[in-house]
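In terms of the numbering used here, the sequence shown is residues 16 to 236.
Since the hints were made in silico from the structure, they are not lab data.
Please note that a few of the clues may not be correct.
[Unchecked claim] Cut-off 25 Å, straight-line C-alpha distance, at most; resulting in silico cross-link-like pairs (SDA-like, lysine to any residue):
#1 K191 <-> A37
#2 K132 <-> D144
#3 K122 <-> K142
#4 K122 <-> R152
#5 K150 <-> G119
#6 K150 <-> S28
#7 K98 <-> A37
#8 K122 <-> G157
#9 K191 <-> I225
#10 K150 <-> T200
#11 K132 <-> V81
#12 K122 <-> P34
#13 K191 <-> G71
#14 K122 <-> D144
#15 K191 <-> N232
#16 K142 <-> R186
#17 K132 <-> P24
#18 K122 <-> A37
#19 K98 <-> T200
#20 K122 <-> I30
#21 K142 <-> D212
#22 K142 <-> N232
#23 K142 <-> N111
#24 K122 <-> F63
#25 K150 <-> I225
#26 K132 <-> N167
#27 K142 <-> E196
#28 K122 <-> G71
[Said to hold, decoys possible] Pair ranges (Cβ atoms, derived):
#29 H182 <-> E126: 26 to 32 Å
#30 C90 <-> P221: 24 to 30 Å
#31 D144 <-> A70: 43 to 49 Å
#32 W187 <-> L141: 15 to 21 Å
#33 R147 <-> D212: 21 to 27 Å
Predicted model, so just to flag it, every value in this text is computed and none were measured.
Glycine residues also receive a C-beta, built at the ideal position from the N, C-alpha and C atoms.
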Amino acid sequence: GRRYGNAQPIMTSEILPGPWGAAGSLYMTNGIWGFEQKYSLPKIIGYFEYTDKTAGIGFLHMVNPVFTTDELVLCRAEASLLKDAPDIDRAMADINVLLNSMAGITKTSEEIVTYYKNLRFMPTTLKSDSERAIKKRLNPQGFTFADENVENMIQCVLHLRRVLTVHEGLRWNDIKRYGIEVTHTRDGLPDEVLTVDDRRRAIQLPQEVITAGLQPNPRNK
16 GRRYGNAQPI
26 MTSEILPGPW
36 GAAGSLYMTN
46 GIWGFEQKYS
56 LPKIIGYFEY
66 TDKTAGIGFL
76 HMVNPVFTTD
86 ELVLCRAEAS
96 LLKDAPDIDR
106 AMADINVLLN
116 SMAGITKTSE
126 EIVTYYKNLR
136 FMPTTLKSDS
146 ERAIKKRLNP
156 QGFTFADENV
166 ENMIQCVLHL
176 RRVLTVHEGL
186 RWNDIKRYGI
196 EVTHTRDGLP
206 DEVLTVDDRR
216 RAIQLPQEVI
226 TAGLQPNPRN
236 K
């Protein structure tokens, strides 16, 4: 549990702080459990199935909503920013819907651009946890940003998606589309670095398909 996943240094340095201020400014952090190594944001629906109502015992079932308004609004904001003629106002309106629901605040596009522009980039390889940061270098795959302002607003969208979909597996899509480099630090072992041109970004074909004769996706030597 200390080696993998969104442990404390990642959550407190890369995910939860933002234009809303400290992590405690987010409504959802009031329900976080495990302020040690693992975090769980309270957005998973739970319902209790009684096996004995008199005794009050049974099983708790957790349901992860796979289609949410949060992600839909984020996708629309992102699409507005990546148009040939970016629609900053439309994107900002969507971002403010989320900021208001998350922390009871609204921002202007100028404030968002300034906030992310002034952040330092997180290095690909870390010497210590103090180097962790929200902002990652983006290397978009097959598309470009209209200008620096759009790129900084995309930084906001990716940050919001990381907060709102934590533990849902969507981060991998952004890592691939935006060519974000990732390093896994391993206790007592060399760092595992996923560079922008790493062939492992393409998921390997199933073994049964390869056995049937289909050429496997290439891997780094």
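To see whether the hints hold, each was checked on the structure:
Distance hint between K191 and A37 is unfulfilled; the C-alpha atoms sit about 29 Å from each other, more than 25 Å. About 22 Å separates the Cα atoms of K132 and D144, which keeps this hinted pair within 25 Å; it holds. The straight-line distance between the Cα atoms of K122 and K142 is roughly 34 Å, outside the 25 Å bound, and the hint therefore fails. For the hint pairing K122 with R152, the CA-to-CA distance comes to about 23 Å; that is within 25 Å, so the pair holds.
Taking the CA atoms of K150 and G119, the gap is near 23 Å; set against the 25 Å cutoff, the hint holds. Pair hint K150 plus S28 holds up; C-alpha atoms about 10 Å apart against a cutoff of 25 Å. With a C-alpha separation of about 32 Å, the suggested pairing of K98 with A37 is violated against the 25 Å cut-off. Distance hint between K122 and G157 is unfulfilled; the C-alpha atoms sit about 30 Å from each other, more than 25 Å.
Distance restraint check for K191 and I225: the Cα-Cα separation of roughly 23 Å lies within the 25 Å cut-off, and the hinted pair is therefore satisfied. Straight-line distance between C-alpha atoms of K150 and T200 comes to about 18 Å, which keeps the hinted pair within the 25 Å bound. Pair hint K132 plus V81 does not hold up; C-alpha atoms about 32 Å apart against a cutoff of 25 Å. Annotation: proposed proximity of K122 to P34 holds, straight-line Cα distance about 9 Å (limit 25 Å).
Of the supplied pair hints, the one linking K191 and G71 is violated, its CA atoms being roughly 47 Å apart against a limit of 25 Å. Under the criterion of a C-alpha separation no larger than 25 Å, the hint pairing K122 with D144 is inconsistent with the structure, at around 29 Å. With a C-alpha separation of about 16 Å, the suggested pair K191 and N232 falls inside the 25 Å cut-off, and the hint holds. Proposed proximity of K142 and R186 is supported: the alpha carbons are some 23 Å apart, at most 25 Å.
Under the criterion of a C-alpha separation no larger than 25 Å, the hint pairing K132 with P24 is consistent with the structure, at around 22 Å. The straight-line distance between the Cα atoms of K122 and A37 is roughly 16 Å, inside the 25 Å bound, and the hint therefore holds. Proposed proximity of K98 and T200 is contradicted: the alpha carbons are some 37 Å apart, above 25 Å. The hinted pair formed by K122 and I30 meets the criterion: a straight-line CA distance of about 19 Å does not exceed 25 Å.
A distance of roughly 23 Å separates the Cα atoms of K142 and D212; the hinted pair therefore holds under the 25 Å criterion. Taking the CA atoms of K142 and N232, the gap is about 32 Å. The hint is violated against a cut of 25 Å. Between K142 and N111 the alpha-carbon distance is near 35 Å, which puts this suggested pair outside the 25 Å criterion. In summary, the hint linking K122 to F63 is not supported, as the alpha carbons are separated by about 39 Å, beyond the 25 Å threshold.
Restraint check for K150 and I225: not satisfied, since their Cα atoms lie roughly 38 Å apart, outside the 25 Å limit. With a C-alpha separation of about 6 Å, the suggested pairing of K132 with N167 holds against the 25 Å cut-off. Note on K142 and E196: the hinted pairing holds, with a Cα-Cα distance of about 16 Å set against a maximum of 25 Å. With a C-alpha separation of about 47 Å, the suggested pair K122 and G71 falls outside the 25 Å cut-off, and the hint is violated.
One distance hint, 26 to 32 Å for the beta-carbon pair H182 and E126, holds here, with the actual separation near 29 Å. At roughly 29 Å, the beta carbons of C90 and P221 sit within the given window of 24 to 30 Å. One distance hint, 43 to 49 Å for the beta-carbon pair D144 and A70, holds here, with the actual separation near 46 Å. One distance hint, 15 to 21 Å for the beta-carbon pair W187 and L141, holds here, with the actual separation near 20 Å.
For R147 and D212, the Cβ-Cβ distance of about 24 Å falls inside the hinted range of 21 to 27 Å, so the restraint holds.
Of the numbered hints stated above, those contradicted by the structure are hints 1, 3, 7, 8, 11, 13, 14, 19, 22, 23, 24, 25, 28, listed in ascending order.
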